[in-house]
Amino acid sequence: GAVVSQHPSRVICKSGTSVKIECRSLDFQATTMFWYRQFPKQSLMLMATSNEGSKATYEQGVEKDKFLINHASLTLSTLTVTSAHPEDSSFYICSAREGTGRNTEAFFGQGTRLTVV
Amino acid sequence: AQSVTQLDSQVPVFEEAPVELRCNYSSSVSVYLFWYVQYPNQGLQLLLKYLSGSTLVESINGFEAEFNKSQTSFHLRKPSVHISDTAEYFCAVSRSSNTGKLIFGQGTTLQVKP
Numbered sequence: 001g002a003v004v005s006q007h008p009s010r011v012i013c014k015s016g017t018s019v020k021i022e023c024r025s026l027d028f029q030a031t032t033m034f035w036y037r038q039f040p041k042q043s044l045m046l047m048a049t050s051n052e053g054s055k056a057t058y059e060q061g062v063e064k065d066k067f068l069i070n071h072a073s074l075t076l077s078t079l080t081v082t083s084a085h086p087e088d089s090s091f092y093i094c095s096a097r098e099g100t101g102r103n104t105e106a107f108f109g110q111g112t113r114l115t116v117v
Numbered sequence: 118a119q120s121v122t123q124l125d126s127q128v129p130v131f132e133e134a135p136v137e138l139r140c141n142y143s144s145s146v147s148v149y150l151f152w153y154v155q156y157p158n159q160g161l162q163l164l165l166k167y168l169s170g171s172t173l174v175e176s177i178n179g180f181e182a183e184f185n186k187s188q189t190s191f192h193l194r195k196p197s198v199h200i201s202d203t204a205e206y207f208c209a210v211s212r213s214s215n216t217g218k219l220i221f222g223q224g225t226t227l228q229v230k231p
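Order-wise, the sequence lines are chains E and R.
Just so we're aligned, residue 1 is where the first sequence starts under this note's numbering, counting upward by one.
Just so we're aligned, residue 118 is where the second sequence starts under this note's numbering, counting upward by one.
So here's chain E without its partners, still in its complex pose:
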């Protein structure tokens, strides 16, 4: 399958600072990328959907000003957690898809563990 790489895999930051997480499709052009978040012992929850060159669509309850998503190229999307707080500590994972046709599979990155202290 196609490869999606997330960086960093782990990050620790101080409360009040911002953190950027990258999601790259290494061998295909990702027209759409998805960002998920997983709290301990809970499901992965979709945060937002981003299409290359346009603004991200956020799920209900997700603050768009806090979680800035940029999908400026067909191989890179970034998630910036602004003014991070301990409650933002979570596992963030992206997926990327080429095209929107039926049965087009989205491939997942390995995830980023964010700890805010």
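Since the hints were derived computationally from the structure, they do not count as laboratory data.
Incorrect hints may appear among the rest.
Calculated pairs, SDA-like style, for lysine to any residue (alpha carbon to alpha carbon, straight line, at most 25 Å) [unchecked claim]: (1) Lys41/E with Leu165/R; (2) Lys41/E with Gln119/R; (3) Lys14/E with Pro86/E; (4) Lys20/E with Pro157/R; (5) Lys218/R with Gln42/E; (6) Lys41/E with Thr203/R; (7) Lys186/R with Ser176/R; (8) Lys218/R with Glu52/E; (9) Lys218/R with Val62/E; (10) Lys218/R with Gly61/E; (11) Lys64/E with Thr75/E; (12) Lys218/R with Tyr156/R; (13) Lys55/E with His7/E; (14) Lys218/R with Phe28/E; (15) Lys41/E with Glu137/R; (16) Lys218/R with Gly99/E; (17) Lys20/E with Glu98/E; (18) Lys218/R with Gln29/E.
Since chain E is already given, all that's left is putting chain R on it; use the hints.
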């Protein structure tokens, strides 16, 4: 709205024993069903999916899942597990067949013991 429940958070099993990981969903509309596997330090990988047709779907590594509409279930089974099957397994549903917006269950950790 859709939701997914994985009833078991952890399933310990001995090598070569059979295993079943349970998944139930609720939805007021037709959905597509998926199982993903996450090995340590890796991303989620699609294991198998039900889109239409035969309710029994199989993966290349011996897992199978059966879509049961009346019981709204999509349980994952393997007749004989290996140590290498140790991983986190996620059940998911989507209104779209192209694994776009997925709604996940909480995950089940399969621990295969020698």
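Hints and how they fare:
With a CA separation close to 23 Å, the supplied pair Lys41/E and Leu165/R stays within the 25 Å bound. A threshold of 25 Å between alpha carbons decides the hint, and for Lys41/E with Gln119/R the separation of about 19 Å falls inside it, so the pair holds. Using a Cα cut-off of 25 Å, the hinted pair Lys14/E and Pro86/E holds, with the two alpha carbons roughly 9 Å apart. At most 25 Å may separate the alpha-carbon atoms for a hinted pair to count; Lys20/E and Pro157/R meet this at roughly 23 Å.
Simply put, Lys218/R and Gln42/E have alpha-carbon atoms about 17 Å apart, close enough for the 25 Å limit, and the pair holds. In summary, the hint linking Lys41/E to Thr203/R is supported, as the alpha carbons are separated by about 18 Å, within the 25 Å threshold. Distance check on the hinted pair: Lys186/R and Ser176/R sit about 20 Å apart at the alpha-carbon level, within 25 Å; holds. Our distance criterion of 25 Å between C-alpha atoms is met by Lys218/R and Glu52/E, whose separation comes to about 16 Å.
Between Lys218/R and Val62/E the CA atoms are separated by roughly 15 Å; this keeps the pair inside 25 Å, and the hint holds. Distance restraint check for Lys218/R and Gly61/E: the Cα-Cα separation of roughly 16 Å lies within the 25 Å cut-off, and the hinted pair is therefore satisfied. A distance of roughly 22 Å separates the Cα atoms of Lys64/E and Thr75/E; the hinted pair therefore holds under the 25 Å criterion. A C-alpha spacing of about 22 Å is found between Lys218/R and Tyr156/R, which places the hinted pair at or below 25 Å, so the restraint holds.
For the given pair, Lys55/E sits about 22 Å from His7/E by alpha-carbon distance, which is consistent with the 25 Å threshold. With a CA separation close to 19 Å, the supplied pair Lys218/R and Phe28/E stays within the 25 Å bound. With a C-alpha separation of about 20 Å, the suggested pair Lys41/E and Glu137/R falls inside the 25 Å cut-off, and the hint holds. For the hint pairing Lys218/R with Gly99/E, the CA-to-CA distance comes to about 14 Å; that is within 25 Å, so the pair holds.
At most 25 Å may separate the alpha-carbon atoms for a hinted pair to count; Lys20/E and Glu98/E meet this at roughly 23 Å. Between Lys218/R and Gln29/E the alpha-carbon distance is near 18 Å, which keeps this suggested pair within the 25 Å criterion.
Checked against the numbered hints listed earlier, the structure breaks none of them; every hint is satisfied.
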